[in-house]
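There are 2 protein chains.
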Amino acid sequence: MPLGQRAGDNKSDSRYCGVETEFDDDMPQLLNHNLVAGFDFVLAPLVDPSYRPSLVKKDGNGSSVIPFASSDLILSPSQWSSHVVGKISSWIDLDSDDEILRRDSEVALKQEISWASHLSLQACLLPPPPRGGACGNYARCVNQLLQGTHSMQLWLRVPLTKSELMDEESTGANSNPLSKEVHDSWEWWNSFRLLCEHHSQLFVALDILSSLPSGNSLGRWFGEPVRAAIVHTTSFLTNARGFPCLSKRHQKLITGFFNHSVQIVISGTLVHNISEESLEVLPVNSDDNHSEGGAPIRHFLRPYLEYVAYLYRRMDPLPEQECFELGYRDFLQSPLQPLMDNLEAQTYETFEKDTMKYTQYQRAVSKALLDRVPDEEASTSRTVLMVVGAGRGPLVRASLQAAEETGRKLKVYAVEKNPNAVVTLHSLIRLEGWENMVTIISSDMRCWDAPEKADILVSELLGSFGDNELSPECLDGAQRFLKPDGISIPSSYTSFIQPVTASKLYNDVNSHKDLAHFETAYVVKLHRVARLAPSKSVFTFTHPEYSDNKSNQRYKKLHFEIPADTGSALVHGFAGYFDSVLYKDVHLGIEPTTATPNMFSWFPIFFPLRRPLCVPTGSTLEVHFWRCCSATKVWYEWCVTAPSPSPIHNTNGRSYWVGL
Amino acid sequence: MPLGQRAGDNKSDSRYCGVETEFDDDMPQLLNHNLVAGFDFVLAPLVDPSYRPSLVKKDGNGSSVIPFASSDLILSPSQWSSHVVGKISSWIDLDSDDEILRRDSEVALKQEISWASHLSLQACLLPPPPRGGACGNYARCVNQLLQGTHSMQLWLRVPLTKSELMDEESTGANSNPLSKEVHDSWEWWNSFRLLCEHHSQLFVALDILSSLPSGNSLGRWFGEPVRAAIVHTTSFLTNARGFPCLSKRHQKLITGFFNHSVQIVISGTLVHNISEESLEVLPVNSDDNHSEGGAPIRHFLRPYLEYVAYLYRRMDPLPEQECFELGYRDFLQSPLQPLMDNLEAQTYETFEKDTMKYTQYQRAVSKALLDRVPDEEASTSRTVLMVVGAGRGPLVRASLQAAEETGRKLKVYAVEKNPNAVVTLHSLIRLEGWENMVTIISSDMRCWDAPEKADILVSELLGSFGDNELSPECLDGAQRFLKPDGISIPSSYTSFIQPVTASKLYNDVNSHKDLAHFETAYVVKLHRVARLAPSKSVFTFTHPEYSDNKSNQRYKKLHFEIPADTGSALVHGFAGYFDSVLYKDVHLGIEPTTATPNMFSWFPIFFPLRRPLCVPTGSTLEVHFWRCCSATKVWYEWCVTAPSPSPIHNTNGRSYWVGL
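The listed protein sequences derive, respectively, from chains A and B. Be aware that the first sequence starts at 0, since it is given in numbering that gives the first Met the number 0, and climbs by one per residue. Be aware that the second sequence starts at 0, since it is given in numbering that gives the first Met the number 0, and climbs by one per residue.
Warning: the hint list may mix true and false statements.
Which copy is meant is left open, because identical chains are indistinguishable; a pair holds if it fits in one copy or across any two.
[As the list claims (entries may be wrong)] Cross-link-like lysine to any residue pairs, in silico, SDA-like; alpha carbons within 20 Å at most: (1) K410 to E376; (2) K549 to D97; (3) K549 to R301; (4) K549 to L54.
It is worth saying that the hints were derived from the structure and are not from the lab. Values in this document were obtained by computation on a predicted structure and should not be read as measured data.
Make a model of the complete structure from these sequences and hints.
Rendered as structure tokens:
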């Protein structure tokens, strides 16, 4: 029974809540008892925990006398696959110095995973690596199994712990992280998945304990493939009525998990002082032979489930725009090539709906008109405004509205290279009766021979990374017909990057099994991502630009300091954004800390790294970005030089470039 | 004029000695002067060092008025390519904060490399990365150029320096390497080549200065692609006659370079107090227009060249076996699959010539016979000896010679599965008249039904890594027909590995551009390799083996400590060896510190790493090796878990395995 319904987000796995159980010979009864209580699935051992392969008597043929598990027939196939996550025996210790235990563990692990596959379970939970995370042999065995299991997920159980100098978020100042051995369970996970080479069927299940590490350290997990959070009853507090509840920090974490499709699993025993009588009586399932004849059935973990359901239902509904963008979350798209390709009507349609963007443009044009034409000249002076890249006309409309708003006279040239858009543009002008104000020019702005010079040049050529759709090159071409004191809107734009953990994106890029996809930038609605440090500016372009030594090539070296209380982190690549000054204080952008609200025209860009880079606690990440230009194309190259050098990506634009 | 002739090694590039020169407009004269003095090539700037692209006047068309270099016609094509290594302008600084210098550097570097390509030079020398090795943009530019130059080599100049706590080899004890900032020019090279992704045309040229870092630190370079060693006149000492000579450590280093095909280049001015008159007068080349009319021509660097030539000629000639193996140096071979494939006659022929090996076997059999049969029973007792895998008979011969030597009576069964070898074996027996002593069995030892049990089982089934040709599985099969107190020769064998730098091998594996070649072990005569730590034992097998819980699966975790005075190092993979106890104190093996001398049957084995692993100074390397067995095959898996985890290699034997 799902925790609740949530508008727009009713497909998320996090609606389902599970319960961890002990081994029970009577699986049907175990399952029924927990389903009736409202849990959606059980996390249950499949094999008696006392089983050891080496203790099993062999008969004359060398095969085992006693089977290691009971029949698959005790549940229906759909019950197994929908309601049971297999819990691999926790005695298993593949890195034990005890040779017999180690060999028993290898045999048992293979048997249990094989049995779970046979039952078509969706997932199995692997016990945590013992003894501080040493896991060479454990990872090797799991890696062998991962090569053979194509649909079943393996969830590595990892306690959410990290020893720190301070309990709460470290307050600035680098207290030398090397001075104290830091125990960080993220490191266990990181070693394990590196050894298993980021296998796409390997996930994490986090044990949530009563104390939590710092917020920065928790943040890392949102870029990792966390599938389940196992919340222990001992980590609940007690509310005024004596019922379980969670601390504010726990609540925030659980809400974060809900938003990232992480399923909650309740584990443990009733630790709150709730009398059996005050527990809700469960409805007896009449089809169920296992209900305990007549007596009222209660579930001791029901109060915990109810609290988790309360947290789920209490969440704000998703904003409309987020609902619209749900399908795009973490979905990699190739950036547009608007110079080489003509956009389709559908694309224009989508982008024209971005009211916020055109409102900002209108504000910018208004301010520019007011600056350019004093009130006393308003009725006499006519400003020449050219929209370069007019598309189907939204900037023409915004400009005319700005003229009306400010009472300035405007002559507009609408320059557009896509002949299909020009057709629609003509029809718009007729429809709106703008014929005497707007001249349509069907031409590429880089070669148009303008009959007069412009006071204001308006364009919307920016990509997610600012200059990546070649706005600089296009505006250089258009600058010829701007008056010496003319204004460009936008007047400048800057790109930004920040390092991120993004295992989902990494696996999607990696699935292509080639170099080219690792040397390509993608437009993507980032969601399952950990932003490891504040973003920093990369390249800035200013228009107009009259300097002698003008070049659109750029080179920037950046340093990122990941907060010390984060711990070590894995960088899968860089999230990229832009911010643009349209005119004076009117800006437009998607850089997270300054983003224009309610705008949907741009998702961030993502530059992957060919090999995820581990950045140890307290070390600096040094990154280089280049914007390179040739006669026919523009491309980026990028690399990391510290803490350890990566190869240079996209040399000579071999994998990814934008055509001029 | 080569430095000298050396028996067996007269193809080495290190016979040629060059000289570094200043820029000279008159290249023909410059070249002639140095060739006449005995140098083989000049390391010379191609472009006037005062040239700066940004200072060049452009004409109306935007092209340069003055060409940046003189004509290609001043030398013949073969003179350019055989006698000139281009020296890229040393003012070039691609990571300068000065934007103009940086852009000038980019333009000039491209022009000079392009000009050198046009001249068909074999190599260009790149200036060292300035300012402590920061080289992000330098590497990016060179990497772009490397993608376009297919035959020309680029030599990155790197000073051979490493600051250390002690000047000489650090004497044991770990003086904490973190306590002091260590400056190590190897790090520059390492960053640069990682950024350029180990490009196979990128090499190193080392500047040899008057003081040298520790021996361990120097050792690393023998695994790197060092092409030239530039020896400065200031690093020479003065001998009793006032002439230049080198310190013992320098001599040893230079000899090492000679042995690794590294060319010496003399650089600098005459710093020894030698009067011009005492310099040898050079023969004037009558064809040469540039000789300075009549006056005796002398070359001030001639005494240094003579000393280097003296060092070259003084080297011991290569031992015969080394000469024979020259062609195999660093040449990767797939290991034999002797169980699945039958060896060819040529292979038997080669291995039978290994006298040392059979001498050791004869000694072992002799000792076993003496232990087994007391003198008083020598004439009555007859020992049953079975050679399993008899091939064309060398172990049969060794065993019979042992019997003769010890006066023991022997009955030999020669078991061989290759029917072709059995043909030859029959002929040998007839030829030698051994019919009444030797019974030939044409069968696989694993399924032969022996008519009686053996006292001694003799086999030579070992591969370079001991068990890698499945000796354990074969001898398990043969053990059935060994008497309970019988002897196996060999009685045990152990494999060993050690981490190595081996950029040549890495590039050869990498050239296949697939995963499988990185997950394969190779047999290879290791030469251009740096052994970073003493080898450690991996797996041991003992025969006979009667334990209940017998398994030929193995798992070993190893720790290697790289000596602290080595500095950081790059591990490309692991060199593997074996040592075998034939019988009691008679052993046979190739582990370097205990290797049986004058044996050529086995080259080492090499396990590559998919990504070379940087091991920082003072950190421990943790390595895991597994020997895995299924019903049809045996394979190894391997990985590194510290200092940073690698993927597990060869999961499930997907890339490399030995068939049963």
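Hints versus structure:
1. K410 to E376: Intra 15 Å, inter 123 Å, cutoff 20 Å: intra-copy only.
2. K549 to D97: Between copies only: 16 Å across chains, 70 Å inside a chain, cut-off 20 Å.
3. K549 to R301: neither (69 Å within a copy, 51 Å between copies)
4. K549 to L54: between (79 Å within a copy, 16 Å between copies)
Violated hint: 3 only; the structure is consistent with all others.
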